[in-house]
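Asks: Read top to bottom, the protein sequences are chains V, Y, E and S. Using numbering that gives the first Met the number 0, you'd call the opening residue of the first sequence number 0 and step up by one each time. Using numbering that gives the first Met the number 0, you'd call the opening residue of the second sequence number 0 and step up by one each time. Using numbering that gives the first Met the number 0, you'd call the opening residue of the third sequence number 0 and step up by one each time. Using numbering that gives the first Met the number 0, you'd call the opening residue of the fourth sequence number 0 and step up by one each time.
Note that these hints are calculated values from the structure, not bench results. You may find that some hints are simply not true.
Intra- or inter-copy, both count: the list cannot distinguish identical chains.
When the alpha-carbon atoms are kept at most 20 Å apart in a straight line, the in silico SDA-like pairs for lysine to any residue are as follows [to be verified]:
(1) 9 - 100
(2) 303 - 234
(3) 303 - 211
(4) 232 - 92
(5) 303 - 37
(6) 232 - 113
Protein chains: 4
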Amino acid sequence: MKSIVIHAAKDLRIEDRPVEEPGPGQVLLRLAAGGICGSDLHYYNHGGFGTVRLKEPMILGHEVSGVIERLGSGVSGLAVGQLVAVSPSRPCYSCRYCREGMHNQCLNMRFYGSAMPFPHIQGAFRERLVADASQCVPADGLSAGEAAMAEPLAVCLHATRRAGEMLGKRVLVTGCGPIGLLSILSARRAGAAEIVAVDLTDFTLSMALRAGADKAINARADPEGLAPYFADKGTFDILYECSGAAPALAQGIAALRPRGTIVQLGLGGEMTLPMAAITTKELSLNGSFRFHPEFAVGVELMRKGLIDVKPLITHTVACDDALSGFELANDRSRAMKVQIAFA
Amino acid sequence: MKSIVIHAAKDLRIEDRPVEEPGPGQVLLRLAAGGICGSDLHYYNHGGFGTVRLKEPMILGHEVSGVIERLGSGVSGLAVGQLVAVSPSRPCYSCRYCREGMHNQCLNMRFYGSAMPFPHIQGAFRERLVADASQCVPADGLSAGEAAMAEPLAVCLHATRRAGEMLGKRVLVTGCGPIGLLSILSARRAGAAEIVAVDLTDFTLSMALRAGADKAINARADPEGLAPYFADKGTFDILYECSGAAPALAQGIAALRPRGTIVQLGLGGEMTLPMAAITTKELSLNGSFRFHPEFAVGVELMRKGLIDVKPLITHTVACDDALSGFELANDRSRAMKVQIAFA
Amino acid sequence: MKSIVIHAAKDLRIEDRPVEEPGPGQVLLRLAAGGICGSDLHYYNHGGFGTVRLKEPMILGHEVSGVIERLGSGVSGLAVGQLVAVSPSRPCYSCRYCREGMHNQCLNMRFYGSAMPFPHIQGAFRERLVADASQCVPADGLSAGEAAMAEPLAVCLHATRRAGEMLGKRVLVTGCGPIGLLSILSARRAGAAEIVAVDLTDFTLSMALRAGADKAINARADPEGLAPYFADKGTFDILYECSGAAPALAQGIAALRPRGTIVQLGLGGEMTLPMAAITTKELSLNGSFRFHPEFAVGVELMRKGLIDVKPLITHTVACDDALSGFELANDRSRAMKVQIAFA
Amino acid sequence: MKSIVIHAAKDLRIEDRPVEEPGPGQVLLRLAAGGICGSDLHYYNHGGFGTVRLKEPMILGHEVSGVIERLGSGVSGLAVGQLVAVSPSRPCYSCRYCREGMHNQCLNMRFYGSAMPFPHIQGAFRERLVADASQCVPADGLSAGEAAMAEPLAVCLHATRRAGEMLGKRVLVTGCGPIGLLSILSARRAGAAEIVAVDLTDFTLSMALRAGADKAINARADPEGLAPYFADKGTFDILYECSGAAPALAQGIAALRPRGTIVQLGLGGEMTLPMAAITTKELSLNGSFRFHPEFAVGVELMRKGLIDVKPLITHTVACDDALSGFELANDRSRAMKVQIAFA
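Whenever a hint applies, use it, and build me the whole structure from the sequences.
Replies: Here you go:
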């Protein structure tokens, strides 16, 4: 079967790998769609991010859907031929954090396509995938592409829970890539009354408006665009920081009202913060990392039509064109989510 | 009456000022004790901190107790001759934040001895003080010095509320000046199971142990002292950051377990943070600023013997010796809280 | 001007009352629409509820919208001719609960059309109404009827906040009158993943489905309808109890999962509860009463098209037909919200 | 070995049972002390409570400490001869609630001495006990009796967490048996500023004052004792309801301030509640059931001298006198916690 393997920065190869057999409690999937994520791009562009570096070839990919081809023994609740969204989150369920219900903080997490431990955790961009039945959420009624959006959606649903009360709140989103847009959709779904989006390109901002933002500000063209929101110690209750850029965070902090909450989604390394403002306005800066139960929630919300991710999928390329897909995904002036069609 | 007035860095003068008259709902106080706070020291040492700078002479002081000398009209519940702790927090009770119950975020706050607005808000280091009756909390049974500790204690009680659930938690305190020590007392009072204190001097660490810390680490003498707490993603549930030093915060973050909480009390300006750790461990960094209802709470806890601040008051100087008191307060190798006895 | 005045059970009269003058900070409104609420019906049917009894004639009504006819001195941000939703919540802003931000618990609340204090607080079913500008929320783009729905919507938005985290949750609503339906809309707006509605009549249940419930159960026709949800200690995260009926609450409790939350909206007197289930499943039963900031939130959500209350308004009668409107509102087999058109 | 076995109401026998062998990960304990709990008394007095009834003979007891006599294979961190507190909470760690970290809600819980499932879960009142190492918490420095108090203390620490923020709060405790007294100790440890205790006998109230209550009210001798706390909608922030008596709950509700919290610890069946007060004052009634992580927390707090349970242990009887111990425990006019000394 074909697999999409990263060897080093800018060295992405389509390689043949053997198909695995599903064990008890597992299923064999024919991959349907795979979305290219920001971390995939980091491996492709830079060979890693922060202290996480490639040390051996690794199959990329963790935003995938597939069609069930074969059921291992003891699997119930799933059927051959069924489209499923596949969660890349595979905690051990027995470490101390798993026992406390914090599965995304598992000490032994095996998250698809992650170079953090060594040997690396191989990813899911391959024509056939063996997965635990518990990773598979039925996606009847969704397209393969929508089902593959369950993963980044889950990231943003988890972030929304980390943001606390959302109903009737004023929300600022800095950074309007796929995570920023899915944050807009999630915040709206959770009852945000007003959503303002900030980015540096008109394309992403037009997508933000389409996703439901009430207002879009191009911080490059209109550097004073947020200034009216600084009055009386600030306006917004919640900031989704999706850019990883210190200036965006600093501006967002100035626009937050006292006791406001920042959800930090962008994966920067070190950042310099206006700590005096955080202290005196008593802001809360909450990190948010991946997800676990929110994966199934996201599929359910999409299936019921309560969240519509389709407009975010701007491009779909064939498996053999994966390389051009990665280059496309690098171009924020015209591409939002780029997906690979495996079947 | 004598007043302690800061004119510029290192220019502290004892000046004569006229005694005011108490209006309706007010009382005239003979000042009893006044504690020298870190912000008083900043004005004295540097003429301000961050963007807050002295622009005119200002009476210092906001940690004070006094004896009621005269009652204005309409005052009930207080008696002449009674010792009271005097809250320096004077919100407007009508701005939007006051109406939401966030009085410490009042848009029109007149907090004693603060150079933030101009004209500055004059402080309380003066022999006679007119205060609103609502600022005065009866302190029967306390010494004048203890009553004057109500203010910094309230800061730490508020910070403890900002930290969230404390019962049975593991707590790290970085920075063991008066705020660090009062954080130890507050965390213990709120049910912390384990408290570890970190600082750079043996004197402050010995005081931390006396305040109830289970363990004290001198980060200068033993730079690896916190390392055992880094295992399995970290140990502590809560970090009181009272040093304002980026290295302390970075070490504390490494020692915090996933979903742990940092309460930021140190008033730094910009700080560089290990944001990747905050994101991936999903930490919460909560600013904490002053207090409001916690002032009366602190007095009550002291009066019932549930918090004992007496060991923290290491020096008391006469009003005429205020200058030497400020110099003493600068010396963390032997002084913790230095107070001025006004009567 | 005509006013709708209740004198005793079943003694509702349309009476002539003098028009008042708007003072400083007030506006004179020409009433547009007024919705008949459950408490209005209680006064009409029974002369009160629980210990709250009519002791003098009282103008009914607290769900109203109006068009501004005249501005008192010092009013800004409102314009003559503008449609506004009028909040009946008039707290004192100075009692201890107001100062804590709990305005709906004000010790001196003057809520329209309420017989709780004596003299009673006169209501808003009158052709002309003088209101504080702060009670008026611009409703541009809404119909008069929609604007008059802001009040019961606010009740349910407040209840939704009292319910805690809603995103992705499973919700049960018992009782599908207007409050039940607005709870469905609010829960959905706040991100509920699944909503099941229970009532005793097919009409209200069909309305519940139209409001977005995923499933409707007629507890009279299908008394075992909830039984599948009892498995494994229960299914639902949240119960909105809108019926005030003990059997509904008992069934709901059986269907709640451990640590689930009941929001109690129905205004019963004494009720007998299965306390052992509450204790062993560690449920939270949270009372919810009226609202305050949620009034403006509701208007904003309606104006942005994020909540659509129009289908709930099943009947509109003229002011002169108010009596028949009240009788209609009593008939849950065909009427949901009945409103009176004043202009 | 001797075991204390209940056959039916008032039919308690000391029987000989075979000693078990510790398997891998287990230890063999020589029992040290066992406290008689309210549920043990229910089995003894009535053969059960509510729908939980004895259907076969059952060894009683779940409040126990022991000395390690032998280690099964693979056990580390424990030593022969060591005193340990033994948690009776044995969740499956794999059901859905365990996976969410709610171990006390485990679907397959095997809690010592519980007649809820059939066959019953045998208890721990026996001279030798085989336990999982994970149930054993080292109790060095504590007496056997104190270590056996870890269980009821854990119940009250868990309840205190269910109560929410405690620092500086006003607390009412209704019912001053061992659970009421441990609630007082826990509330104080968590920072309660004022604690008022209510019961019907002078003996328990004198114990409440000794445990740290600020005031004790005998509701039989002084039925109006709580009335002053009803003013202005009520006074207390938190009510620990430990009596299971509807009148106590009703009085407590009247004395709670708006948005106050009731923690329901008493295990009644059905109870009639003043629901109108719960709704209009927006109280939260939170069930609390057993504990899980709080067991080790309680042992740690006792070992550090932060909670002192010794005064609560009023009587210790020999194993052969167990029957008289049960009769003594029934007498609230002179006995608080009665323990059985096994060795």
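Asks: Now tell me, hint by hint, if it's right for this structure.
Replies: Outcome of the hint check:
In this assembly of identical chains, residue 9 and residue 100 lie within 20 Å of each other by CA distance neither inside one copy nor across copies; the values are 38 Å within and 43 Å between. With identical chains, the CA atoms of residue 303 and residue 234 are at most 20 Å apart between copies only, with a shortest distance of 19 Å across copies and 33 Å within one. With identical chains, the CA atoms of residue 303 and residue 211 are at most 20 Å apart both within one copy (18 Å) and between copies (10 Å). Taking identical chains as interchangeable, the C-alpha atoms of residue 232 and residue 92 lie at most 20 Å apart only when they sit on different chains, with a minimum of 17 Å there against 44 Å within one chain.
With identical chains, the CA atoms of residue 303 and residue 37 are never at most 20 Å apart, being 27 Å at best within one copy and 32 Å at best between copies. Proximity of residue 232 and residue 113 under a CA criterion of 20 Å is satisfied inter-copy only: 18 Å between copies versus 41 Å inside one chain copy.
The earlier numbered hints that this structure contradicts are 1 and 5.
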